[in-house]
Amino acid sequence: MGMGGLCESQPAPSDIHIPATVIVPGTDCIIPERVRQGLPECPPRVSLPTYGIGKYEVTNEEYLDFVQAGGYQVEEFWSPEGWYYRQKNNWTAPINWPFKHVYRQRQEKMPVAGISWYEAQAYCCWLTYKDPTHVYRLPTELEWLYAATGPDFTAWPWGDEWDPKRCNSCDRLNNSWDPSGEIDGFKPLAPAGSFENGKSRFGCYDMVGNAEEWCLDWYNRHGMSEIDLARKILEDPHDLYKVCRGGSWITVRPENLLPSRRAGTYPFVRRIFFDSTGFRVCYTVGQTLK
Numbered sequence: 001m002g003m004g005g006l007c008e009s010q011p012a013p014s015d016i017h018i019p020a021t022v023i024v025p026g027t028d029c030i031i032p033e034r035v036r037q038g039l040p041e042c043p044p045r046v047s048l049p050t051y052g053i054g055k056y057e058v059t060n061e062e063y064l065d066f067v068q069a070g071g072y073q074v075e076e077f078w079s080p081e082g083w084y085y086r087q088k089n090n091w092t093a094p095i096n097w098p099f100k101h102v103y104r105q106r107q108e109k110m111p112v113a114g115i116s117w118y119e120a121q122a123y124c125c126w127l128t129y130k131d132p133t134h135v136y137r138l139p140t141e142l143e144w145l146y147a148a149t150g151p152d153f154t155a156w157p158w159g160d161e162w163d164p165k166r167c168n169s170c171d172r173l174n175n176s177w178d179p180s181g182e183i184d185g186f187k188p189l190a191p192a193g194s195f196e197n198g199k200s201r202f203g204c205y206d207m208v209g210n211a212e213e214w215c216l217d218w219y220n221r222h223g224m225s226e227i228d229l230a231r232k233i234l235e236d237p238h239d240l241y242k243v244c245r246g247g248s249w250i251t252v253r254p255e256n257l258l259p260s261r262r263a264g265t266y267p268f269v270r271r272i273f274f275d276s277t278g279f280r281v282c283y284t285v286g287q288t289l290k
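As numbered in this note's numbering, residues 1 to 290 make up the sequence shown, in order.
A portion of the hints provided could be inaccurate.
[Stated by the list, open to error] List of simulated lysine to any residue pairs, SDA-like, C-alpha gap at most 25 Å:
1. 199 - 253
2. 165 - 254
3. 109 - 274
4. 199 - 150
5. 165 - 274
6. 109 - 151
7. 199 - 27
8. 199 - 88
9. 199 - 155
10. 88 - 266
11. 165 - 151
12. 88 - 137
13. 109 - 61
14. 88 - 114
15. 109 - 164
16. 109 - 88
17. 199 - 266
[Unchecked claim] Quick list of simulated restraints, FRET-style, between CB atoms:
18. 161 - 73: 46 to 52 Å
19. 44 - 197: 28 to 34 Å
20. 84 - 25: 23 to 29 Å
21. 287 - 81: 22 to 28 Å
22. 68 - 30: 23 to 29 Å
23. 140 - 107: 27 to 33 Å
24. 90 - 25: 41 to 47 Å
25. 255 - 95: 26 to 32 Å
26. 152 - 88: 43 to 49 Å
27. 152 - 43: 27 to 33 Å
28. 159 - 20: 40 to 46 Å
29. 285 - 42: 18 to 24 Å
30. 68 - 164: 35 to 41 Å
In short, the hints are calculated from the structure, not lab data.
In this text, a Cβ means the ideal position worked out from N, Cα and C, and glycines have one as well.
With the hints as constraints, model all of the structure from the sequences given.
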């Protein structure tokens with residue numbers, strides 16, 4: 001995936017919606033054993049750079065800029081594997097689009113969902129082209145987890161006690177497998193940032209519930225060695241998972257919403273338990289395209 005000389009003629013970023021980010025200071029952190037159970041490849045002590053991460057999940061309004069700018073037609077924004085699947089499946093927009101009423105019922109402020117890992121990464125590459133002051137990407141698993149739980153690695157973004165009113169999850173089901181919304185106030189997706197008392201210590205919203213989020217990392221679910229995993233990525237990445245974190249609006253049990261819980265699926269999958277998978281952007285502070 002690369003953009004070649006595309007950045008030479010990029011439009012000014014004022015003509016699109018740039019996702020808001022928060023800055024997470026770089027640190028050397030000790031990973032508690034209970035957290036490392038969901039990060040089996042992670043050493044006990046890890047250094048994180050200073051990075052920016054989405055304050056909110058990327059919204060329909062923000063992703064619509066990518067679609068309308070022809071992002072699905074420009075190969076340079078896509079990895080070779082992503083471009084293969086885009087062509088093979090004729091992707092032109094998220095699975096639940098086109099929106100006939102995207103600017104009604106606050107849908108433009110809801111997180112984009114029903115997209116593959118490849119689409120999320122292509123959006124980040126396009127956003128870098130539009131705003132070359134940062135090199136946008138998906139957050140690594142550890143960057144995501146640290147932004148969600150803070151230096152103390154609390155169980156939840158808001159602390160160590162579960163509270164269903166602080167996030168959009170599947171509080172109750174009716175006979176048609178629809179959340180009731182009786183507890184958290186929302187049935188499917190909620191507008192990004194709806195839960196003020198559910199944000200993390202760093203000010204990130206919806207790290208639990210709403211849309212499950214793609215991370216940058218491969219999910220080594222078969223316990224391969226680093227060498228074997230690297231070889232597999234080069235030779236046959238189509239049989240590997242990418243990591244998802246945070247659960248979604250359709251996640252039923254609190255333990256499945258824990259930020260420390262690792263989930264994942266193939267990077268070409270667009271629908272996981274309804275249209276429930278989205279993402280947030282990330283970048284390393286000081287790294288630019290220019």
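Structure-based check of all given hints:
no.: 1; hint: 199 - 253; verdict: holds (20 Å)
no.: 2; hint: 165 - 254; verdict: holds (12 Å)
no.: 3; hint: 109 - 274; verdict: holds (19 Å)
no.: 4; hint: 199 - 150; verdict: holds (11 Å)
no.: 5; hint: 165 - 274; verdict: holds (22 Å)
no.: 6; hint: 109 - 151; verdict: violated (29 Å)
no.: 7; hint: 199 - 27; verdict: holds (21 Å)
no.: 8; hint: 199 - 88; verdict: violated (39 Å)
no.: 9; hint: 199 - 155; verdict: holds (13 Å)
no.: 10; hint: 88 - 266; verdict: holds (16 Å)
no.: 11; hint: 165 - 151; verdict: holds (24 Å)
no.: 12; hint: 88 - 137; verdict: holds (24 Å)
no.: 13; hint: 109 - 61; verdict: holds (6 Å)
no.: 14; hint: 88 - 114; verdict: holds (17 Å)
no.: 15; hint: 109 - 164; verdict: holds (22 Å)
no.: 16; hint: 109 - 88; verdict: violated (30 Å)
no.: 17; hint: 199 - 266; verdict: violated (29 Å)
no.: 18; hint: 161 - 73: 46 to 52 Å; verdict: holds (48 Å)
no.: 19; hint: 44 - 197: 28 to 34 Å; verdict: holds (32 Å)
no.: 20; hint: 84 - 25: 23 to 29 Å; verdict: violated (39 Å)
no.: 21; hint: 287 - 81: 22 to 28 Å; verdict: holds (24 Å)
no.: 22; hint: 68 - 30: 23 to 29 Å; verdict: violated (45 Å)
no.: 23; hint: 140 - 107: 27 to 33 Å; verdict: holds (30 Å)
no.: 24; hint: 90 - 25: 41 to 47 Å; verdict: holds (43 Å)
no.: 25; hint: 255 - 95: 26 to 32 Å; verdict: holds (28 Å)
no.: 26; hint: 152 - 88: 43 to 49 Å; verdict: holds (45 Å)
no.: 27; hint: 152 - 43: 27 to 33 Å; verdict: violated (19 Å)
no.: 28; hint: 159 - 20: 40 to 46 Å; verdict: violated (24 Å)
no.: 29; hint: 285 - 42: 18 to 24 Å; verdict: holds (22 Å)
no.: 30; hint: 68 - 164: 35 to 41 Å; verdict: holds (37 Å)
In summary, the numbered hints that this structure violates are 6, 8, 16, 17, 20, 22, 27, 28.
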